[in-house]
Structures are given as C-alpha cells and as structure tokens.
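Asks: Sequence:
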Amino acid sequence: MLGCGRFAYQTSVLAFIVPRADPGKARLLMLPDPLPSAPLSLESRGEYVEGSYDAASRVFGQYAKGRGMADCGSAQEWTYDGTDFRLSSYTLQQRCGGGSGDWPTLFRTRVQPSSKNGKSGRTSLAK
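Taking the working numbering, the leading residue of the sequence shown gets 1226, the next gets one more, and so forth.
The hints are simulated quantities; they were obtained by calculation from the structure and are not laboratory data.
From a predicted model like this one, the values you see are computed outputs, not experimental measurements.
Using N, Cα and C, we set each Cβ at its ideal position, and we do this for glycine too.
Some hints here could point you the wrong way.
As the list claims (entries may be wrong) - Beta-carbon label-pair distances, calculated as ranges:
id	residue 1	residue 2	range
1	1339	1236	25 to 33 Å
2	1338	1247	21 to 29 Å
3	1294	1246	39 to 47 Å
4	1292	1247	36 to 44 Å
Given these sequences and hints, build the entire structure.
Replies: Structure (structure tokens):
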C-alpha cells in the first residue's frame, strides 16, 4: 500500500496486488464499489480511506468517516478467496446524527475459498 492522501482525520492509500514471482507485474487493486450509485467514489479510482490488509485472514478493508466524530460514514471489507477479493462486509450511515455508534450493516457474508472452476462460494450471514 502506498499513502496518497491526508485529510483532517484520515488518510487514503493506493493498494497493489504484487505477484511474489514477478513484482514487475504489480497492478492497482480496483475493487467494485458496493454502492455504485455513489458518484466518483474513491474505490472506483483504486483509492481507499484508512485502507488495511490482514494477511492472516486475507481481508482488505477501509473505514471512511463522514465527519471526525464518526457519526456517519462507511466501512467495507473484502476477503480474498484465492482468486479475487469478494465483498464480505459493508456498513453505512449516511446521515450524520451527532453521536458516534454502530452503523447499520447493509451486507455481510462469509467468503469460501474458490473452487476449481474459479467461482467463490458464499454463505449469507445477514440480509
């Protein structure tokens, strides 16, 4: 990950997928926007707010506060299934209400390792 932006309370990063055998073939991680109706989202440009990756769980995530007090914003996690990153969690609080707290979960699933045909299996945990 490469830092690319600093804001009042958060930073943004560019994330890259780098093959161990051939680092010269690194490519920018471009994950699908969970809410495509949001115009000009950072994800659509490969930029992630407070982006992080946990190699043990193979989870890449971002956490974007709408305001410094975190009373609104969004958080996403994508899990690597052996083939690609799949959205595994999405929370969103669009209205800033004056007090921080839990944001509503719009999507959550458990991503299974990809099968031989290249398709990942998902088990829904929340609707």
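Asks: Does each hint hold? Answer for all of them.
Replies: Against the structure, the hints come out as follows:
no. : hint                    : in the structure
1   : 1339 / 1236: 25 to 33 Å : holds, 32 Å
2   : 1338 / 1247: 21 to 29 Å : holds, 23 Å
3   : 1294 / 1246: 39 to 47 Å : holds, 45 Å
4   : 1292 / 1247: 36 to 44 Å : holds, 42 Å
The structure is consistent with each of the numbered hints, conforming to all of them.
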